[in-house]
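Chemist: Each chain, letter by letter, is given below.
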Amino acid sequence: MDWNLLITQLMNGLQLGLLLFLLASGLTLIFGIMDFINLSHGSFYMVGAYFCGTIVAKTGSFVLGILFGLVGVFIVGALVEWFIARKLYRSDHLDHVLVTFGLILIFDTLVHMIWGASGMAIPLPDVLNGQVSIGTLVLPTYRLLIIAAGLGVAAFLYVLVTRTRLGMLIRAGASNRTMVEALGVNINRLFLIVFAIGASMAGLAGMLIAPITEASIGMGNDIIIIAFVVVIVGGIGSVKGAFYAGLIIGLIDTLSRSYLDDVLALSIPIEYAETAAPAISAMMVYILMAVVLAFRPQGLFPPAGAR
Amino acid sequence: MQLLSTRRGLFYTALLVFLAIAPWVFQWIDQPFYLDLLSRALILGIAAVSLNLILGYGGMVSLGHAAYIGIGAYCVGIPAYYDFYSGWLHIGLALSVSAVFALITGAICLRTKGVYFIMITMAFSQMVYYTFLSLEEYGADDGLVIYLRSEFPTWLSMDGAFSLYYWILGVLLLSLYFVHRLIHARFGRVIVGAKFNELRLQSLGVNTYRYRLTCYVISAMICSLAGVLLGNFTSFISPEMMGWTRSGELIFMVIMGGVSTVLGPLLGTISFVLLEEWLAAITVYWHLIFGVLLVVLVLYGKGGLDGLLGLMDRGKKSS
Amino acid sequence: MKRNILTAAVLAATAFGSGAANADSVKIGYVTTLTTPAAVIGEDIQNSVNLALEHIGNKMGDLDVELIMEDDGFKPDVGKQKTDKLVKQDDVDFVVGYIWSHVLLASMKSVTDADKFIISANAGPSQVAGKLCHPNFFSTSWQNDQTPMAMGEHLNQEGVKSLYVMAPNYAAGKDMVAGLESVFTGEIKGKDLTKWGADAQLDFSAELAKAKASGAEAIFVFYPGKAGGAFINQYQQAGLRGVMPLYSVFTVDAIALPKLQEANLEGVLGSKMTQEWSPDMDNAANKRFVGDYLAKHGKYPSFYGAQAYDSIMLIKSAVEAVGGNLDDKDGIRAALKAVNYDSVRGKYTVGNNHMPIQNFYLREVVIDDEGRWTTKIVSTVYENHQDRYAAECNMQ
Numbered sequence: 147m148d149w150n151l152l153i154t155q156l157m158n159g160l161q162l163g164l165l166l167f168l169l170a171s172g173l174t175l176i177f178g179i180m181d182f183i184n185l186s187h188g189s190f191y192m193v194g195a196y197f198c199g200t201i202v203a204k205t206g207s208f209v210l211g212i213l214f215g216l217v218g219v220f221i222v223g224a225l226v227e228w229f230i231a232r233k234l235y236r237s238d239h240l241d242h243v244l245v246t247f248g249l250i251l252i253f254d255t256l257v258h259m260i261w262g263a264s265g266m267a268i269p270l271p272d273v274l275n276g277q278v279s280i281g282t283l284v285l286p287t288y289r290l291l292i293i294a295a296g297l298g299v300a301a302f303l304y305v306l307v308t309r310t311r312l313g314m315l316i317r318a319g320a321s322n323r324t325m326v327e328a329l330g331v332n333i334n335r336l337f338l339i340v341f342a343i344g345a346s347m348a349g350l351a352g353m354l355i356a357p358i359t360e361a362s363i364g365m366g367n368d369i370i371i372i373a374f375v376v377v378i379v380g381g382i383g384s385v386k387g388a389f390y391a392g393l394i395i396g397l398i399d400t401l402s403r404s405y406l407d408d409v410l411a412l413s414i415p416i417e418y419a420e421t422a423a424p425a426i427s428a429m430m431v432y433i434l435m436a437v438v439l440a441f442r443p444q445g446l447f448p449p450a451g452a453r
Numbered sequence: 020m021q022l023l024s025t026r027r028g029l030f031y032t033a034l035l036v037f038l039a040i041a042p043w044v045f046q047w048i049d050q051p052f053y054l055d056l057l058s059r060a061l062i063l064g065i066a067a068v069s070l071n072l073i074l075g076y077g078g079m080v081s082l083g084h085a086a087y088i089g090i091g092a093y094c095v096g097i098p099a100y101y102d103f104y105s106g107w108l109h110i111g112l113a114l115s116v117s118a119v120f121a122l123i124t125g126a127i128c129l130r131t132k133g134v135y136f137i138m139i140t141m142a143f144s145q146m147v148y149y150t151f152l153s154l155e156e157y158g159a160d161d162g163l164v165i166y167l168r169s170e171f172p173t174w175l176s177m178d179g180a181f182s183l184y185y186w187i188l189g190v191l192l193l194s195l196y197f198v199h200r201l202i203h204a205r206f207g208r209v210i211v212g213a214k215f216n217e218l219r220l221q222s223l224g225v226n227t228y229r230y231r232l233t234c235y236v237i238s239a240m241i242c243s244l245a246g247v248l249l250g251n252f253t254s255f256i257s258p259e260m261m262g263w264t265r266s267g268e269l270i271f272m273v274i275m276g277g278v279s280t281v282l283g284p285l286l287g288t289i290s291f292v293l294l295e296e297w298l299a300a301i302t303v304y305w306h307l308i309f310g311v312l313l314v315v316l317v318l319y320g321k322g323g324l325d326g327l328l329g330l331m332d333r334g335k336k337s338s
Numbered sequence: 138m139k140r141n142i143l144t145a146a147v148l149a150a151t152a153f154g155s156g157a158a159n160a161d162s163v164k165i166g167y168v169t170t171l172t173t174p175a176a177v178i179g180e181d182i183q184n185s186v187n188l189a190l191e192h193i194g195n196k197m198g199d200l201d202v203e204l205i206m207e208d209d210g211f212k213p214d215v216g217k218q219k220t221d222k223l224v225k226q227d228d229v230d231f232v233v234g235y236i237w238s239h240v241l242l243a244s245m246k247s248v249t250d251a252d253k254f255i256i257s258a259n260a261g262p263s264q265v266a267g268k269l270c271h272p273n274f275f276s277t278s279w280q281n282d283q284t285p286m287a288m289g290e291h292l293n294q295e296g297v298k299s300l301y302v303m304a305p306n307y308a309a310g311k312d313m314v315a316g317l318e319s320v321f322t323g324e325i326k327g328k329d330l331t332k333w334g335a336d337a338q339l340d341f342s343a344e345l346a347k348a349k350a351s352g353a354e355a356i357f358v359f360y361p362g363k364a365g366g367a368f369i370n371q372y373q374q375a376g377l378r379g380v381m382p383l384y385s386v387f388t389v390d391a392i393a394l395p396k397l398q399e400a401n402l403e404g405v406l407g408s409k410m411t412q413e414w415s416p417d418m419d420n421a422a423n424k425r426f427v428g429d430y431l432a433k434h435g436k437y438p439s440f441y442g443a444q445a446y447d448s449i450m451l452i453k454s455a456v457e458a459v460g461g462n463l464d465d466k467d468g469i470r471a472a473l474k475a476v477n478y479d480s481v482r483g484k485y486t487v488g489n490n491h492m493p494i495q496n497f498y499l500r501e502v503v504i505d506d507e508g509r510w511t512t513k514i515v516s517t518v519y520e521n522h523q524d525r526y527a528a529e530c531n532m533q
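Chains as they are written, first to last, in my numbering: chain A, 147 to 453; chain B, 20 to 338; chain C, 138 to 533.
In case anyone wonders, no lab produced these hints; they're calculated from the structure.
Note that CB positions come from ideal geometry on N, CA and C, so glycine has one too.
Some clues are possibly wrong.
Going by beta-carbon spacing under 10 Å, a handful of chain C positions derived as facing chain B [as the list claims (entries may be wrong)]: (1) ALA176; (2) LYS212; (3) LYS222; (4) SER244; (5) MET245; (6) GLY310; (7) LYS311; (8) MET418; (9) ASN420.
As a list, the in silico EDC-like pairs of lysine to aspartate or glutamate whose alpha-carbon atoms are at most 16 Å apart [said to hold, decoys possible]: (10) LYS326(C) with GLU420(A); (11) LYS326(C) with ASP408(A); (12) LYS326(C) with GLU417(A); (13) LYS349(C) with ASP148(A); (14) LYS332(C) with GLU296(B); (15) LYS132(B) with ASP181(A); (16) LYS409(C) with GLU295(C); (17) LYS326(C) with ASP148(A); (18) LYS436(C) with ASP479(C); (19) LYS132(B) with ASP238(A); (20) LYS214(B) with ASP238(A).
All chains, please: the whole structure from these sequences, using the hints.
Modeler: Now the structure itself:
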């Protein structure tokens with residue numbers, strides 16, 4: 147066993163898991179509180195990356211890129227809530243799926259029209275482009291930063307949800323919407339804020355990944371499906387669930403990508419194993435979701451007092 | 020619906036008459052490609068009709084129906100890869116494989132409701148998608164080219180654009196008739212009833228789960244026929260046919276045409292295919308128009324195109 | 138962007154007005170990728186085709202050229218659908234393009250069944266060079282295996298003993314790896330085939346960690362288009378520069394380089410790749426192509442563009458050889474096989490399977506006089522190299 151490799155892969159899995167958490171935390175709140183399925187949540191991820199890239203190209207500062215990017219996505223999220231999502235809270239899920247599927251097409255094409263097809267590379271400051279050595283272990287600095295940022299946001303959300311008035315309303319909303327309304331809270335404003343915060347977090351995930359993979363059209367469309375898996379596995383409306391499920395799925399995905407072909411090669415010819423392994427690793431997360439849904443439909447960590 | 024007494028009825032009658040003579044019309048105006056378009060539309064129409072059975076009548080929103088198109092298509096492609104071209108074999112295989120798969124996954128999916136159902140159907144279809152993606156022998160990502168169409172006795176042959184078209188039309192009409200009869204039988208009343216008030220039916224001692232599962236399996240089997248025809252039509256199959264966005268498009272077609280109406284889904288697919296072809300020719304940004312259309316349709320256009328036709332009959336009694 | 142809308146509008150107009158056959162024009166259908174992230178390659182191809190048409194004054198002999206571009210959406214089934222449309226509705230004389238091997242494999246039968254000509258300006262799957270070769274199929278690119286074979290040869294010469302190999306999991310990716318393996322004499326310590334297509338895998342963290350742990354001396358990759366940039370990024374971030382030298386094919390090109398330069402990823406400077414063409418090639422046709430492209434678009438054309446430019450010139454030579462008589466299929470076929478035009482890569486011929494027999498060069502990433510990152514030829518690896526599937530093709 148190569149322990150350095152294993153640790154590196156665990157860190158990679160952790161990083162992916164935290165990115166998924168950033169996406170899924172907003173999704174699960176919007177889902178839990180407004181009962182709204184937002185397939186276009188991945189578009190915020192994409193838009194965030196492009197906003198950030200544009201600012202970095204103009205100012206040369208990655209920090210400014212992130213800050214303005216967050217504000218930008220917050221506004222876009224608020225606009226989507228105001229003009230579209232708000233009209234649909236009382237409709238059925240099918241309408242949500244259709245409208246947000248349409249929004250994906252709209253966002254993807256708008257990005258194509260504004261920024262062109264070529265995608266956008268986001269340069270990193272030199273300090274982040276290097277590596278950190280811990281003993282014999284060498285890790286990319288930037289990936290450590292993603293992990294730190296993800297954990298930071300998780301802590302921030304934890305405080306927000308458990309220690310603030312807004313958080314109290316969010317928790318109450320996730321488990322019993324009518325009660326919150328009955329308390330005379332301005333429900334429209336609460337929804338707007340939750341939606342926009344969720345969008346910003348998806349945007350942040352996009353901004354963090356873009357220096358690695360570049361920003362590109364449709365970059366959110368596949369990861370959003372995985373984020374939905376995270377939401378379902380974690381339990382709809384549960385931020386804690388999204389955190390744990392994100393980590394579980396991030397680790398499953400990374401570890402199966404790293405070790406599955408070797409494992410498969412024990413039983414089937416190597417050339418078949420090489421082709422089958424990436425597909426089977428991709429399938430693992432869906433199998434996990436199906437198993438969870440079949441035996442524990444409310445998810446692994448449902449919010450307290452959920453229906 | 021009274022076929023000739025309402026404008027909607029008249030429209031559909033005209034549509035069906037047109038479908039019956041379409042190949043000759045296209046040959047006359049020397050546009051063989053239009054027949055291709057229409058064939059594709061009608062194949063998707065079969066899939067949409069089958070989806071409408073569970074989605075429209077049964078209220079089961081499946082985001083994984085494209086998987087059955089894929090299963091049907093691979094039931095042509097894989098035997099053909101081993102030089103088995105018998106059409107009956109292909110159809111039999113498609114019906115049985117899709118039935119078994121639908122029975123197993125449906126039994127699990129139908130334990131869930133609402134958004135969970137949407138997600139779990141998608142999960143299963145993604146598993147099928149990745150399964151075929153991993154099958155190196157059958158082309159994996161690259162897909163399979165099918166060199167010969169399924170073989171049938173001469174009078175039923177699929178060779179040639181015309182005979183394939185009438186095959187498609189035939190299967191489509193049979194599925195339409197079948198779904199129509201099913202919905203108006205006791206079976207259909209239970210399915211529709213369970214969509215609105217499952218508890219009441221259960222308290223009457225009806226095992227709604229069993230009914231819904233049967234409905235789900237029937238729908239999958241009809242859809243697999245669309246897959247068999249699609250494989251023969253495009254003579255090329257790949258896992259792309261069953262990605263989750265394809266399932267999304269299928270839902271779009273059903274909604275655009277009008278859910279829970281017999282002919283609405285067909286109208287939806289024909290419009291979808293024509294619109295796609297036409298918009299893509301105008302601009303590379305055609306997805307934008309599609310997206311806006313989708314949003315507007317849901318926000319303001321309840322009832323789809325079929326509902327629009329119904330508006331023409333306002334004041335009159337329809338269906 | 139405006140230009141694109143304009144071209145699209147013109148294309149749409151031609152697409153709709155094309156029902157009736159027009160004897161005074163050569164109709165060329167071009168299948169490429171204009172949406173999804175891979176559209177960046179399609180744009181380069183579109184620019185080059187338009188430049189070629191500009192250079193020939195939109196005329197081939199006495200005939201006007203009518204170009205119809207179609208978008209394959211990076212999907213084999215869509216590519217096939219568009220090919221059917223070009224063949225049946227637009228009744229084009231030549232179907233050209235195809236960036237992706239799997240799209241070409243899906244589409245080829247539609248064209249050859251209708252007895253029309255199909256010219257690949259990029260994809261070169263082994264099947265088409267071998268068992269599936271066809272009298273009406275031609276190529277202005279290469280067979281997929283050739284470029285990595287040249288790289289394998291170079292690695293042998295350099296004395297590289299062991300490699301880690303990464304490529305996307307589709308027809309061309311498998312060909313590339315097979316080509317390399319057929320020549321490279323050292324040890325391949327590990328291999329990863331990653332998810333490809335519209336939802337391709339772009340985060341290679343797990344694979345790079347494996348590569349590093351494998352103890353291989355160098356790393357070989359094939360990541361065309363957008364994935365190339367992403368790979369180089371992560372290669373540098375993982376600290377592999379200087380530890381595991383990078384050798385690539387179709388990865389570091391004129392599409393990736395401007396973006397890498399923007400992101401200041403100096404790790405790519407000096408990295409080596411093999412190719413049948415380079416922007417610095419010293420011949421009149423190439424100077425005109427590269428010079429005008431640079432002047433018009435402010436960046437270097439890629440090899441995709443060069444091959445697309447050549448495809449138009451090849452068709453022109455064939456149309457002129459038969460005096461504009463497009464019904465003379467045998468004449469056109471013979472002329473296409475004669476390769477009688479000034480290719481931007483210099484002189485080449487084709488084999489019995491209609492695949493080019495040509496030189497392959499080793500290129501290096503350098504900085505040009507004006508500070509732009511580009512590639513320069515270092516040496517010739519293969520002279521007049523023929524692909525290894527030609528024998529499987531039963532054409533003479």
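Chemist: Against this structure, judge whether each hint is valid.
Modeler: Taking the hints in turn, this is what the structure says about them:
no. : hint                     : result
1   : ALA176                   : holds (8 Å)
2   : LYS212                   : holds (5 Å)
3   : LYS222                   : holds (6 Å)
4   : SER244                   : holds (8 Å)
5   : MET245                   : holds (8 Å)
6   : GLY310                   : holds (9 Å)
7   : LYS311                   : holds (9 Å)
8   : MET418                   : violated (32 Å)
9   : ASN420                   : violated (34 Å)
10  : LYS326(C) with GLU420(A) : holds (14 Å)
11  : LYS326(C) with ASP408(A) : holds (13 Å)
12  : LYS326(C) with GLU417(A) : holds (15 Å)
13  : LYS349(C) with ASP148(A) : holds (11 Å)
14  : LYS332(C) with GLU296(B) : violated (29 Å)
15  : LYS132(B) with ASP181(A) : holds (14 Å)
16  : LYS409(C) with GLU295(C) : holds (12 Å)
17  : LYS326(C) with ASP148(A) : holds (15 Å)
18  : LYS436(C) with ASP479(C) : violated (23 Å)
19  : LYS132(B) with ASP238(A) : holds (12 Å)
20  : LYS214(B) with ASP238(A) : holds (13 Å)
Checked against the numbered hints above, the structure breaks hints 8, 9, 14, 18 and satisfies the rest.
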